[in-house]
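Chains as they are written, first to last, in the numbering used here: chain F, -3 to 204; chain G, 152 to 419; chain A, 76 to 173.
The set of hints was computed from the structure by calculation and includes no laboratory data. Be careful, since some hints might not be right.
[What the hints assert, rightly or not] Below, a list of computed lysine to any residue pairs in the SDA-like style, where the Cα atoms sit at most 20 Å apart:
no., chain 1, residue 1, chain 2, residue 2
1, G, Lys418, G, Ala192
2, A, Lys81, G, Ala275
3, G, Lys212, G, Arg262
4, A, Lys167, A, Asp92
5, G, Lys277, A, Asp92
6, F, Lys43, G, Glu266
[Said to hold, decoys possible] Not close to chain F: a few residues of chain G, all C-beta gaps over 12 Å, as computed:
no., residue
7, Gln209
8, Glu217
9, Val346
10, Thr367
11, Ser393
12, Thr395
Glycine included, C-beta positions come from ideal geometry on N, C-alpha and C.
These are the residues of each chain, in order.
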Amino acid sequence: MKRFLWIPAAALAACTTTGHAPGTGERPKLSERDLEQVTAQIKRDFKPRGQATMERVNLDEVQRACNVHNDNPPANVAKPLEDAQLKAVKFPAGSLIGDWKKGERIAQSGRGAMWSDKPGVQEGGSCYNCHQLNPKVEAYGTIGPSLAGFGKIRGNRPEIQRYVYGKIYNAKAYNLCSHMPRLSATLNEEQIKDLVALLLDPASPVNQ
Amino acid sequence: MMRRLAGRALAASALAAFAAAALAQQKSPFADYQRMAAENAPIELYELAGEEAWKKRQGPKNVSLEQCDLGQGAGVLKGAYAGLPRYFADAGRVMDLETRLLHCMMSLQGRTREEATQRVFGNADKPSEMEVLSAFVAGQSHGMPLRPGSGHAKEKASYEMGEKLFFHRAGPWDFSCASCHGEEGKRIRMSGLPVLTKAEYTRPLMATWPAYRVSTSAFVTLQWRMNDCYRQMRMPEPLFGSDTTVDLINYMTMNAQGVVYRGPAIKR
Amino acid sequence: MAGPMKMRATLGSGYTDVRVLMTHPMATEQQTKGNPHFIQNLTVKVNGKTVIEGEISQAVSRNPVFTFRLAGGAKGDKIEVSWLDNKGDTNKTETAVA
């Protein structure tokens, strides 16, 4: 009859190279080598499915910078990368404000880019997953700041339109390690304009 | 000047109190619902089905899983789940419950990986073999503290890898586990997000998986949760029982160690 | 092949509380687009004598739980609960009052 054996957390902590007791909420300091090690394991342990190809696991320079700097890179690292991201934003000509009614649907939809999604079908921005938007809608997340009254507070002149469009297209251009996804990977120009309308159009429920 | 500051402080604390009260109000109807759902949960049905599966002769070797060693000796069920994940010398790696069950299906029953993992995640109409087995085995550790591991070096390495994976941002949406599970007090829509790096939040969670999910009438396991998280993170699919899935489950279980297991439980 | 059924019968003072969990999809006409599958009849017997003959409909959801209280009862009394669905499938379970 095997005796049940366990190692007290303190003893285990003394042995881990991360040097901390489990469950304390600490964040490890990752090196480039760690990222390579993790990526290699992911390549071994994952398989492509639907639209989620293995190409997705390769880190780009933004992800690498954020991973090694614990999402808090120094200015000399962040600024050049942010500038490069901003240069790559494709701003449409003319007005950047689309249809807020379509925008609300896009904001509500949590679909898009997953292996369970058919490409081009009902893609959304998952905006309500993280943000409050229409103040009358109670089911909203709090990972990102509330956007209720956004257009009312900031107005909708061209500079603001450009900021909102750019931010949705590529949030990392403004804040390198933002939690917000780079939605240009999933949404097209028309859809992003519709989201801009949701935030800035005075008639939008967000601004009532 | 002082009076203005004091006024602001008062307003801030009043707001905090109001928010706390609002949250408490919000919690109480949920608590009632949870209690009612828990009283009549079909957990026992899954445990019963799992017991049948455990005892069923299968595979080319035509034997049951009854001699499977889940870490406490061949066939020992009591407390086995509470000791997982752990290192298994016969496999040369750290394994969680489902990985170990798969190992026994292959080694004891002679089944192929392909056949045994053909349908690892079921649905409301028909749970999978892995799900009912998980319910049965986990239920045998009900009331015991979770003490994963056996002191083997590979378990520490697995924890460290799990931790690195947890913070690793990748994929078209740049998500890591920490994107959602790294900050206190956050929620995704109306679902509270536990901070899985901290014992305080990870304990109540690891104490209740695997679980019956009311919203889908389905029984779900930790391997399923790892799979479904990566799907929602816009990543490709993790292989069932892979090191990555085990490392993450190990990371969370170690962060939660000591909590008294009260599963299989019920979830929204 | 019907899924598992589990019952518990506990003696109180002058009564017996019974709780039975049944596995059944309880799928409605609407859900199945014209091919409903649900329990129609429930029968409860105590020591071989029928005490409840129940009819339930597709309004009851998946994996129903039936809890009821019987007057009287003694330790060791045999409770049997059986069901019959609209497709002719049946299942039953038996337990002794604890």
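Here is what the structure says about each hint:
Of the supplied pair hints, the one linking G/Lys418 and G/Ala192 holds, its CA atoms being roughly 10 Å apart against a limit of 20 Å. Restraint check for A/Lys81 and G/Ala275: the C-alpha separation of about 18 Å stays at or below 20 Å, so the hint holds. Using a Cα cut-off of 20 Å, the hinted pair G/Lys212 and G/Arg262 holds, with the two alpha carbons roughly 8 Å apart. Taking the CA atoms of A/Lys167 and A/Asp92, the gap is near 18 Å; set against the 20 Å cutoff, the hint holds.
Simply put, G/Lys277 and A/Asp92 have alpha-carbon atoms about 30 Å apart, too far for the 20 Å limit, and the pair is violated. A threshold of 20 Å between alpha carbons decides the hint, and for F/Lys43 with G/Glu266 the separation of about 18 Å falls inside it, so the pair holds. In this structure G/Gln209 is separated from chain F by more than 12 Å, as the shortest Cβ-Cβ distance comes to about 26 Å. Even its closest Cβ contact with chain F, about 17 Å, leaves G/Glu217 beyond 12 Å, as expected for a residue assigned away from the interface.
A beta-carbon of chain F comes within 12 Å of the beta-carbon of G/Val346; the shortest separation is about 7 Å. Residue placement check: G/Thr367 keeps its beta carbon more than 12 Å from all beta carbons of chain F (closest about 14 Å). With a least CB separation of 4 Å from chain F, G/Ser393 falls inside the 12 Å interface cut-off, contrary to its annotation. Not every C-beta of chain F lies more than 12 Å from that of G/Thr395, the closest at about 4 Å, which undercuts listing it as non-interface.
When each numbered hint is compared with the structure, violations occur for hints 5, 9, 11 and 12.
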